[in-house]
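S.K.: All chains should be modelled from the sequences, with the hints used to inform the complete structure.
What follows is each chain in one-letter form.
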Amino acid sequence: MRFPCGVRGTCATVLVLSACHGPEGPPASETTTSSATFCERVLPRVEAFMARMEEEHPVPDDPRYGGTVVVSAGVEIPGGMNAFTADSDEAFQHQLNVNLMSLLRYGPDLELEPYLAESWEVSADTTAVTFHLRDDVYWHDGERTDAYDVAFTYERATDPETRYRNAAHWQHYVPGPEGVEVLDSLTVTVHIARPHAEPLNPWQAVAVMPEHLLADVPAGELGGHPFGTVCPVGNGPFVFLEHRPNESWTFGANPAFPEGLGGRPFVDRYVFRRIPEPATLLAELLTEGTDVYLGPPLEHLDQIVGEPHLDTLSFPSRGYDFIAWNQRRPMLADARVRMALSMALDRQGIVEAILGGHGRIAHSTVPPFHWAYDIAPEGAVVYDPDEARRLLEEAGWTDGDGDGIREDSAGDPLRIQLDYALGSQRRSQTAEVAKAQLREVGVDLVLNVFGYTTLVDRVTDTVSRDYDAFLLGWANDFKLGDADLFHSERIGQPLAFAGVRNPELDLLIDTLDLISNRAEARPLWHRYQELLIAEQPYTFLYFPDRLVGYNRRLRDLRMDVRGYLVNLGDWWIDPAGR
Amino acid sequence: MIPMILGRVALMVPLTLGVATAVFAVLAAAPGDPATLLLRPGVSPEAAERIREVYCLGCPLAERYLRWLGALASGDLGWSFTHARPVADVLLSALPGTLLLAGSALVLAFTLGTAAGVVQAVRHRSLLDRGLGAASLVFYSVPSFWLAVMLVVVFSYGARNVWSWPVWFPASGSRGLDHELLGPWSALMDTAWHMVLPVAALTLVMGAGVARYVRTSMLEVLGQDYVRTARAKGLPERHVVLRHALRNGLVPVVTLLGLHLPLLLSGAVFVEVVFAWPGMGRTMVDAVLTRDYPVVMAASVLFAVVVLVGNLVADVLHAVVDPRVGDG
Numbered sequence: 001m002r003f004p005c006g007v008r009g010t011c012a013t014v015l016v017l018s019a020c021h022g023p024e025g026p027p028a029s030e031t032t033t034s035s036a037t038f039c040e041r042v043l044p045r046v047e048a049f050m051a052r053m054e055e056e057h058p059v060p061d062d063p064r065y066g067g068t069v070v071v072s073a074g075v076e077i078p079g080g081m082n083a084f085t086a087d088s089d090e091a092f093q094h095q096l097n098v099n100l101m102s103l104l105r106y107g108p109d110l111e112l113e114p115y116l117a118e119s120w121e122v123s124a125d126t127t128a129v130t131f132h133l134r135d136d137v138y139w140h141d142g143e144r145t146d147a148y149d150v151a152f153t154y155e156r157a158t159d160p161e162t163r164y165r166n167a168a169h170w171q172h173y174v175p176g177p178e179g180v181e182v183l184d185s186l187t188v189t190v191h192i193a194r195p196h197a198e199p200l201n202p203w204q205a206v207a208v209m210p211e212h213l214l215a216d217v218p219a220g221e222l223g224g225h226p227f228g229t230v231c232p233v234g235n236g237p238f239v240f241l242e243h244r245p246n247e248s249w250t251f252g253a254n255p256a257f258p259e260g261l262g263g264r265p266f267v268d269r270y271v272f273r274r275i276p277e278p279a280t281l282l283a284e285l286l287t288e289g290t291d292v293y294l295g296p297p298l299e300h301l302d303q304i305v306g307e308p309h310l311d312t313l314s315f316p317s318r319g320y321d322f323i324a325w326n327q328r329r330p331m332l333a334d335a336r337v338r339m340a341l342s343m344a345l346d347r348q349g350i351v352e353a354i355l356g357g358h359g360r361i362a363h364s365t366v367p368p369f370h371w372a373y374d375i376a377p378e379g380a381v382v383y384d385p386d387e388a389r390r391l392l393e394e395a396g397w398t399d400g401d402g403d404g405i406r407e408d409s410a411g412d413p414l415r416i417q418l419d420y421a422l423g424s425q426r427r428s429q430t431a432e433v434a435k436a437q438l439r440e441v442g443v444d445l446v447l448n449v450f451g452y453t454t455l456v457d458r459v460t461d462t463v464s465r466d467y468d469a470f471l472l473g474w475a476n477d478f479k480l481g482d483a484d485l486f487h488s489e490r491i492g493q494p495l496a497f498a499g500v501r502n503p504e505l506d507l508l509i510d511t512l513d514l515i516s517n518r519a520e521a522r523p524l525w526h527r528y529q530e531l532l533i534a535e536q537p538y539t540f541l542y543f544p545d546r547l548v549g550y551n552r553r554l555r556d557l558r559m560d561v562r563g564y565l566v567n568l569g570d571w572w573i574d575p576a577g578r
Numbered sequence: 001m002i003p004m005i006l007g008r009v010a011l012m013v014p015l016t017l018g019v020a021t022a023v024f025a026v027l028a029a030a031p032g033d034p035a036t037l038l039l040r041p042g043v044s045p046e047a048a049e050r051i052r053e054v055y056c057l058g059c060p061l062a063e064r065y066l067r068w069l070g071a072l073a074s075g076d077l078g079w080s081f082t083h084a085r086p087v088a089d090v091l092l093s094a095l096p097g098t099l100l101l102a103g104s105a106l107v108l109a110f111t112l113g114t115a116a117g118v119v120q121a122v123r124h125r126s127l128l129d130r131g132l133g134a135a136s137l138v139f140y141s142v143p144s145f146w147l148a149v150m151l152v153v154v155f156s157y158g159a160r161n162v163w164s165w166p167v168w169f170p171a172s173g174s175r176g177l178d179h180e181l182l183g184p185w186s187a188l189m190d191t192a193w194h195m196v197l198p199v200a201a202l203t204l205v206m207g208a209g210v211a212r213y214v215r216t217s218m219l220e221v222l223g224q225d226y227v228r229t230a231r232a233k234g235l236p237e238r239h240v241v242l243r244h245a246l247r248n249g250l251v252p253v254v255t256l257l258g259l260h261l262p263l264l265l266s267g268a269v270f271v272e273v274v275f276a277w278p279g280m281g282r283t284m285v286d287a288v289l290t291r292d293y294p295v296v297m298a299a300s301v302l303f304a305v306v307v308l309v310g311n312l313v314a315d316v317l318h319a320v321v322d323p324r325v326g327d328g
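Just so you know, the sequences run in chain order A and B. Per this note's numbering, the very first residue in the first sequence carries number 1; after that it's consecutive. Per this note's numbering, the very first residue in the second sequence carries number 1; after that it's consecutive.
Since the hints were made in silico from the structure, they are not lab data. Among the hints, a few may not be true.
Claimed, not checked - Taking beta-carbon pairs under 8 angstroms as the criterion, some of the chain A residues facing chain B (in silico):
1) 79
2) 271
3) 453
Using N, Cα and C, we set each Cβ at its ideal position, and we do this for glycine too.
M.R.: Structural data, given as structure tokens:
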């Protein structure tokens, strides 16, 4: 039999191409082999050590011990327990509160407190910080966590080959091996290139990684290492047991977790389940298939509180929603116009109606949990449509033809394209309200909806900047850094959405980044908030609260701005409810 | 038949490449890439650019296409950006869930649908026929997503919390929390219990379509002269239907089965989403939303192959069942 010409030609092409491929990412065959080898090597050691620890640390005679707690959400934990690739809240929550440990952590008062490091000193000239580690923390395979792990983590995190996501953490540190010094097995010094604000903040955000397991992995391959999602080995209160991709993560209580840090968790097992559909999440909470439902929409809250065995929690998030106005567009270049747009929006009404009161209006990027937050900043934007109309008139926008839409002197209408993304009912509804309320002051807001990735790609395109305005959410770190957003030197960078050029704002951003003394910085933070209000690069909409539905059999839950798993080790299950 | 099969198999290669090329072109035209999603406070644009560089996301289109094609030809499906694992691992971990769910639904849908269609045809215009017809119309028409959610509302939440039925089913997942601690038989029952609602959602919709096809086909066959002759010879009605009419009546069903075979690989996205069932459908959708190109491309190629194989199987089965169909 003869094959048709086209088939023969195709086969020949395939044969040629198979000889000249370039893999994208680590070669699959090598990684597969090494991942099997890695997991085969580490998991039995973990099992053996944990078995020994169970014998040496039996479960205390306390009725609070026991049971399995299940937390469910619509998302996975991308990157798993790999601190070098963490860039989602779920990843941070599970690395820092469940399986791994950071050197420091924030306490309930948002002051840094010891965790893996039991003490620390900052040098007088603030160019070095020395950490003293606890001597009773062990990796789950039996190796003690020591200063070499910290040094390894730091060297890798500051290595560009690692592609560590939050590079800004180390902006003012000395990178690489020159920046870290192991003084002894439990003492490590990290060198700071330039004194700056909140120098210790990165050490509560980065989980320390095991040097003895990952030291021989090249920096460029750390991102794809099986440690993250296949067989992580931690040192935190919970031991990794199983990961079923896109389905669940299961962790077991660590019997050897130091008593000084709370000791063995009360629950035997913690399971994180991914359930994409909100209706199913609600059904699982109602039928006790999950104990915690993260992020229910407002319309689910009534049904949750209507069940006697369920309740809800609301706590501040670290994010805010905003409308960015592209000042590169002539119609939005005038600060009076931007101020008018903000004053025309009833943000408190939006919080009440769309967020059900679960949130507070935002005045600037500075969140309510920030130590320098101004409750009543000078010039705070209030809902005042009449003043909005006056400002627009003053800026030259009048309704000459009586059609309800203002025009400039050339007759061009004040028509603004507002882009927003699918997937957030809160933002969709906010966009609709904004359209209606701006119409009342003579602004024609045209809504354009995009897929999330498409929108992000559109607004970060530094070449075209083809948008008038867009509505998005933003997540703050505990240390605020708005340079990427508002500094004029970065106006050509992807995150400079608004195109701000304000020399005083530049100076404040630069100065605040370098002042480590809070007393000195406080008046500057006040001025920063005032200036952001006056400039209105964004309409700062609100800081939404995070909502959680949970089963009342769970006790001692604490969820706050630090996250929803911040005291997971203290959760216990009412014995009657097990 | 052999030459027909061999010819069709040979044509699969260019057809699959054509599908893969089309998918690649569409993905390349879509805005955004995985590096875009990384941009957030604290993430330097340099980090995003570094990722683009490592994964050749900024390379010329032709170069990316040829690199991918070359890797595929040597069996390398690539590396998943979002899962940080080989694509083969990602797909292989999702495949068993889809095979189990879709395979069970296929078997049940075709068995029950065929039975319902035969009964309707034999009891033509009876109350049973009308009742089954109405039911099949409803299940064929309702969106599968809505049906899945309703099954959860009624047989999970309603059955347990509202009406306190003795039996209720879990709303999601493929296994219970203590699955690993169960013995083999209990584990099997645990999995089966979790499968009831998602399989029902798929079976009801698919089975309704099969029933309607079988009913129409059987009615046509039961009106044929040879069937009348069989009855005239005094054969029992059961014999007439099952031995003489059914084989010819199932010819379109055989074709339908072949066309549904790709479901074994592609899964049913809506059902997998509603029931949080780990499968190929959800994996594919997640990959598209996060621009995980290697997963999308590899899955597209696999789907294309399975569709082509499914069509071939349909044609072969058709020829087997109906001797009048030759090699043409």
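S.K.: Now look at each hint and say whether the structure bears it out.
M.R.: Cross-check of the supplied hints:
no., hint, in the structure
1, 79, "holds (6 angstroms)"
2, 271, "holds (6 angstroms)"
3, 453, "holds (4 angstroms)"
Every hint from the earlier list agrees with this structure, and none is contradicted.
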